[in-house]
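Those protein sequences? They're chains Z, R and X, same order as listed. FYI, this note's numbering numbers position 60 of the first sequence as 40, with every residue one higher than the one before it. FYI, this note's numbering numbers position 298 of the second sequence as 357, with every residue one higher than the one before it. FYI, this note's numbering numbers position 1 of the third sequence as 16, with every residue one higher than the one before it.
Heads up, some of the hints might be wrong.
[Unchecked claim] Keeping only pairs whose Cα atoms sit at most 16 Å apart, straight-line, the calculated EDC-like set for lysine to aspartate or glutamate is:
id, chain 1, residue 1, chain 2, residue 2
1, R, Lys236, X, Glu33
2, R, Lys324, R, Glu314
3, R, Lys132, Z, Glu(-5)
4, R, Lys199, R, Glu291
5, R, Lys340, R, Asp279
6, R, Lys236, X, Glu188
7, R, Lys132, Z, Glu172
8, R, Lys207, R, Glu314
Note that these hints are calculated values from the structure, not bench results.
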Amino acid sequence: MPDWAGPVARYILEEGLPGTLRVSAIAVVGSALIGIVFGTLLTIRFWPLRALLRGYVEIFRGLPILVTVFIVYFGLPAITPQLRFGPLDAAAIALVVWGSAQVAEATRGAVQSIPHEQHEAASALGFGWVGRHRAVILPQALRRLLPPFVSLLVNIVQNSTLAQAIGGIELLQAAKSQSERLTFYPPAGIGEIHAFEIFAGVMVLFFLISFPLTRLAALLERRLI
Amino acid sequence: MKRIILATVGVAVVAVAGATMGAAQPAATTAPARLEATAPLPKLPAEIASRKRFIVGVKCDTPPFGYIDVRGKHAGVDVEIARWFARYAFGREQRLTFVCAPTAVREPLLTNGRVDLVISTFTYTADRDTRIDFSRAYYKATGRLLVKNNSPIQSLGDIRGKRVATTSGSVYDRWMKRCFTNTDVLVVDSVTNAVLAFNQGRADAVMFDDTSLALIAATDPSAKLTNDLFLEGPYGIGIRQGNVQLKRWVDSRLELMRKKDIFQKIIVNNIAPRFVPAFSKNILRPNNTFGYRAATLPSVDTVCP
Amino acid sequence: MLLATYDLSAFVSENWRELLDGLLNTLKVSAIAIAGALVIGLVLGAARAHRIPVVSQLTAVYVEIVRNTPILVQIFMIFFALPQFGITFNQFTVAWLSVMIWGGAFNSENFRAGFGAVSYRYREAAYALGFTPLRTFLNVTLPIGGRIALPSSINTYISVVKNTSLMYVIGYEELTTTAINISNLTLETLEALTVLGVVYLTIVWSLSAAIRLLETRLALPEAR
């Protein structure tokens, strides 16, 4: 392995990987929780809430995720200084917003695909709306949500790279700054361009994370249909 | 108890500030701040003092002023100045959080309160001064043009109709867009990428500060600087507008560093020996003081040749 | 705080020229990328649906790489890494090329599914009538499969338009870059974000509505 590769790889994994993991973890958990709640609420009969949530879903699925990132990072502090987040947190929040919109839509579809007989049977047994959903509807719906959820996981991990655009230190930004450093003249760098090797390495890293999950999603899709 | 101490410190600070306010000079001063031998040095603003850390925006891709070295640590002239500030303020140079501040986001970082200071090859202009405050000048820089040896561009006037790379939001970016409208300005996010574009043929020339470009011209035999000197603009440290106390603190420490010739030490630490003499002429030293253009003159990047 | 000084009309009237330039750049890049993705999708999708050797396998590799790596990394590869081999594109070219490559991969999956969904009965009938495989494809599989693939294909094109915003990272002056650069100078962040939101949602929602319209119009009589 060439001399320059060691420090570069170490920096990318030590400084970049934690950023990616942090953004991805927050985004996945947040989107799942909020998305499932919103999605279930999208099926109730109270139309003002439905309209509000429908607006939320359509807006944040329609906007480019980068624009949502800018809204969180630049826009929120302009409304009130309390909402000033660092680049990684802002990216995570933006991904939660986007992810929850995706999950909400998928959950709505899954809940609505549960046959009406289940609702009727549960009511006949004395379950209220909340109880019915908690004990009967959601468990079945969540099984159907598994394939799109795994796809969402892959998407979120890949979209964590958007934190780079606002200066967050994650895998891609670490790779970029190391690749730039190498082009400096010594002693800061070595005056050579190795952008291809470095970015190819990052690509392989993301591929190794995403590919098994994509296969898993396809498998679940076939098994659960 | 803590609140009482904080309140006392606050009152003392206000008293000192009030006392020095009378002898204060306007932000864009052309003479160094006068420090009486007996007056105490200005204190840090309470917010930073209680946080016990400086949050400083620095360049992460512009050697020798701010870059990430092979061990993954921040290094460079500006970075070391920040470390000295941390030593002065808190006694330890680790009491720092660095934020990468590429050219385009230096001002937003200050106006949005994400950093306390920006030490990032930040050229003073009267225009920028309307949105943020600058410390006193600490480094004299001039704009230069980097071209290939046999390039058709041999002087500034030749850039009409050619592609010139520079960093987004820099004085050069605005100056060229204003004064050289038929020049194709290629904006990138860092001088490194500008030079990369130049070497790859995406640009015919690079316009940037003499400091970075001189190093590159010296180590690349196929490129050279034209003889033009333009947009002479010293670097200042960016401070949030209205934070008079912090500005006072920064100016006083810069004066201290000038008197003790610390800038020379920093230059020697960061720059190869054969370039040290050239850089030494541009820093604050016991026998070398400089300031900004008079505030009444228009901003350098609005004056066309 | 800044909410008090929100003035959308002032922002638009001062900056409409640059914003319009940005929007035109977005549309230019999108148009080229969509056209390219359409062609790539048709050709490679057909190759995979008909299991043409070598091309199928290579397409599969291409699709998996594009689908399983972040598009931002792909953009950086084209912009920063290709020059290492002497291939240097300007920012505009990188913009449409990267989104086209990304969109083409997804689109080839769309058309593969579309062509694959064409019932074998139709192809059998065509062969029985003496059509060559190529003629069969052009006259039977393509029209039917293409219509089946249209909704998912347009979804990919919508994503292509949204992904042009990512050209911010290479400094190409499309709409998002322009708006954010202006807002960094003038601090009219909320106004800039409003403009971005309205423009993108208009584009995306119109195209989505178009899909829904087409879905009902183009539904095959026996599509169940």
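We went through each hint and held it up to the structure:
no.: 1; hint: Lys236/R - Glu33/X; in the structure: 13 Å, holds
no.: 2; hint: Lys324/R - Glu314/R; in the structure: 15 Å, holds
no.: 3; hint: Lys132/R - Glu(-5)/Z; in the structure: 11 Å, holds
no.: 4; hint: Lys199/R - Glu291/R; in the structure: 8 Å, holds
no.: 5; hint: Lys340/R - Asp279/R; in the structure: 23 Å, violated
no.: 6; hint: Lys236/R - Glu188/X; in the structure: 14 Å, holds
no.: 7; hint: Lys132/R - Glu172/Z; in the structure: 20 Å, violated
no.: 8; hint: Lys207/R - Glu314/R; in the structure: 40 Å, violated
In this structure, the hints that do not hold are numbers 5, 7 and 8, in rising order.
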